[in-house]
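Engineer: If you want the building blocks of each chain, they are given just below.
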Amino acid sequence: AQSVTQLDSHVSVSEGTPVLLRCNYSSSYSPSLFWYVQHPNKGLQLLLKYTSAATLVKGINGFEAEFKKSETSFHLTKPSAHMSDAAEYFCVVSDGLSNTGKLIFGQGTTLQVKP
Amino acid sequence: GAGVSQSPSNKVTEKGKDVELRCDPISGHTALYWYRQSLGQGLEFLIYFQGNSAPDKSGLPSDRFSAERTGGSVSTLTIQRTQQEDSAVYLCASSLNGGRAPDTQYFGPGTRLTVL
Numbered sequence: 001a002q003s004v005t006q007l008d009s010h011v012s013v014s015e016g017t018p019v020l021l022r023c024n025y026s027s028s029y030s031p032s033l034f035w036y037v038q039h040p041n042k043g044l045q046l047l048l049k050y051t052s053a054a055t056l057v058k059g060i061n062g063f064e065a066e067f068k069k070s071e072t073s074f075h076l077t078k079p080s081a082h083m084s085d086a087a088e089y090f091c092v093v094s095d096g097l098s099n100t101g102k103l104i105f106g107q108g109t110t111l112q113v114k115p
Numbered sequence: 116g117a118g119v120s121q122s123p124s125n126k127v128t129e130k131g132k133d134v135e136l137r138c139d140p141i142s143g144h145t146a147l148y149w150y151r152q153s154l155g156q157g158l159e160f161l162i163y164f165q166g167n168s169a170p171d172k173s174g175l176p177s178d179r180f181s182a183e184r185t186g187g188s189v190s191t192l193t194i195q196r197t198q199q200e201d202s203a204v205y206l207c208a209s210s211l212n213g214g215r216a217p218d219t220q221y222f223g224p225g226t227r228l229t230v231l
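Line order of the protein sequences matches chains A and B. For the record, in the first sequence the residue sitting at position 19 is 19 according to this note's numbering, with numbers rising by one throughout. Whatever position you read off the second sequence (first residue = 1), add 115 for this note's numbering.
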């Protein structure tokens with residue numbers, strides 16, 4: 001079965017400092033991996049996606065993630081946090097077994113940014 | 116262009132009543148997905164449509180839940196005899212294509228369902 005595990009339920013950083021949100025995946029196929037962000041009372045927005053091209057994926061708003069097959073990880077990083085980055089972040093894998101493209105979500109990481 | 120829209124944005128109902136939730140996908144998107152976001156279960160898949168057919172209904176939690184899609188566009192999720200555990204945010208997403216190599220899914224703002 002495919003799954004993702006977000007290693008931290010809550011991360012707190014100061015504005016201007018780096019962000020690291022950790023995600024490990026489990027997949028018997030070459031996975032398609034995504035990071036989505038959900039701001040309070042807003043819909044889910046795609047930050048970035050990995051689909052077996054370059055292992056370092058750049059997304060919107062200065063975020064990037066690196067696919068590491070040897071570590072089965074897909075951690076999300078940003079060099080300098082902004083107050084507007086405070087939100088819920090979801091690491092997601094596409095279910096390659098079902099031939100539907102349905103998404104399997106991690107439990108989410110709440111990012112708090114302190115002034 | 117317009118994104119995925121859902122209606123109503125909020126729905127409060129009494130236990131035992133039926134509810135209908137609507138999703139308007141992005142025009143031209145053949146794949147449509149319903150997900151549910153609840154405090155206890157996180158975000159979970161409910162059903163997948165390709166065109167008007169639903170090849171994967173594996174996420175529907177009980178036979179009280181059903182969904183249909185007409186004209187390859189609008190979808191309706193129906194919950195019969197609602198229970199308190201059905202309280203959640205119901206999210207709809209669409210993508211250009213589904214399948215094994217799916218395109219990016221774009222999500223609507225969700226319908227928050229509260230069952231009293």
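None of these hints come from the bench; they were simulated from the model. Because the structure is a prediction, the values reported are computed rather than measured. Honestly, I wouldn't trust all of these hints.
In the SDA-like style, the derived pairs of lysine to any residue whose C-alpha atoms are separated by at most 20 Å in a straight line are [as the list claims (entries may be wrong)]:
no., chain 1, residue 1, chain 2, residue 2
1, A, Lys49, B, Tyr221
2, B, Lys172, A, Gly96
3, A, Lys42, B, Asp139
4, A, Lys42, B, Lys172
5, A, Lys58, B, Tyr221
6, A, Lys42, B, Ser153
7, A, Lys42, B, Thr193
8, A, Lys114, B, Ser124
9, A, Lys42, B, Pro123
10, A, Lys42, B, Gln152
11, B, Lys126, A, Glu71
12, B, Lys126, B, Thr219
13, A, Lys42, B, Arg227
14, B, Lys126, A, Lys58
15, A, Lys42, B, Glu159
16, A, Lys58, B, Thr219
Beta-carbon label-pair distances, calculated as ranges [said to hold, decoys possible]:
no., chain 1, residue 1, chain 2, residue 2, range
17, A, His39, B, Ser142, 39 to 45 Å
18, B, Thr185, A, Ser80, 28 to 34 Å
19, A, His10, B, Gly174, 26 to 32 Å
20, B, Ser153, A, Leu97, 23 to 29 Å
21, A, Gln45, B, Pro176, 25 to 31 Å
22, A, Pro115, B, Glu135, 22 to 28 Å
23, A, Leu7, B, Leu211, 29 to 35 Å
24, B, Glu159, A, Lys68, 22 to 28 Å
25, A, Gly62, B, Glu159, 38 to 44 Å
26, B, Ser202, A, Gln107, 14 to 20 Å
27, A, Ala54, B, Ser202, 39 to 45 Å
28, B, Leu211, A, Asn41, 44 to 50 Å
Covered by chain B, according to a simulated footprint, are these stretches of chain A (three or more residues, beta-carbon under 8 Å) [said to hold, decoys possible]:
no., segment
29, 4-10
30, 70-83
Cβ coordinates follow ideal geometry from the N, Cα and C atoms, glycine included.
Engineer: Take the hints in turn and mark each one as holding or not.
Structural biologist: Going through the hints against the structure:
no. : hint                              : in the structure
1   : Lys49/A <-> Tyr221/B              : holds, 13 Å
2   : Lys172/B <-> Gly96/A              : holds, 16 Å
3   : Lys42/A <-> Asp139/B              : holds, 17 Å
4   : Lys42/A <-> Lys172/B              : violated, 26 Å
5   : Lys58/A <-> Tyr221/B              : holds, 18 Å
6   : Lys42/A <-> Ser153/B              : holds, 15 Å
7   : Lys42/A <-> Thr193/B              : violated, 23 Å
8   : Lys114/A <-> Ser124/B             : violated, 31 Å
9   : Lys42/A <-> Pro123/B              : holds, 15 Å
10  : Lys42/A <-> Gln152/B              : holds, 13 Å
11  : Lys126/B <-> Glu71/A              : violated, 43 Å
12  : Lys126/B <-> Thr219/B             : violated, 28 Å
13  : Lys42/A <-> Arg227/B              : holds, 12 Å
14  : Lys126/B <-> Lys58/A              : violated, 38 Å
15  : Lys42/A <-> Glu159/B              : holds, 18 Å
16  : Lys58/A <-> Thr219/B              : holds, 15 Å
17  : His39/A <-> Ser142/B: 39 to 45 Å  : violated, 25 Å
18  : Thr185/B <-> Ser80/A: 28 to 34 Å  : violated, 48 Å
19  : His10/A <-> Gly174/B: 26 to 32 Å  : holds, 27 Å
20  : Ser153/B <-> Leu97/A: 23 to 29 Å  : holds, 24 Å
21  : Gln45/A <-> Pro176/B: 25 to 31 Å  : holds, 26 Å
22  : Pro115/A <-> Glu135/B: 22 to 28 Å : violated, 44 Å
23  : Leu7/A <-> Leu211/B: 29 to 35 Å   : holds, 32 Å
24  : Glu159/B <-> Lys68/A: 22 to 28 Å  : holds, 27 Å
25  : Gly62/A <-> Glu159/B: 38 to 44 Å  : violated, 30 Å
26  : Ser202/B <-> Gln107/A: 14 to 20 Å : holds, 19 Å
27  : Ala54/A <-> Ser202/B: 39 to 45 Å  : holds, 42 Å
28  : Leu211/B <-> Asn41/A: 44 to 50 Å  : violated, 27 Å
29  : 4-10                              : violated (count 0)
30  : 70-83                             : violated (count 0)
The structure is inconsistent with the numbered hints 4, 7, 8, 11, 12, 14, 17, 18, 22, 25, 28, 29, 30, although it conforms to all the rest.
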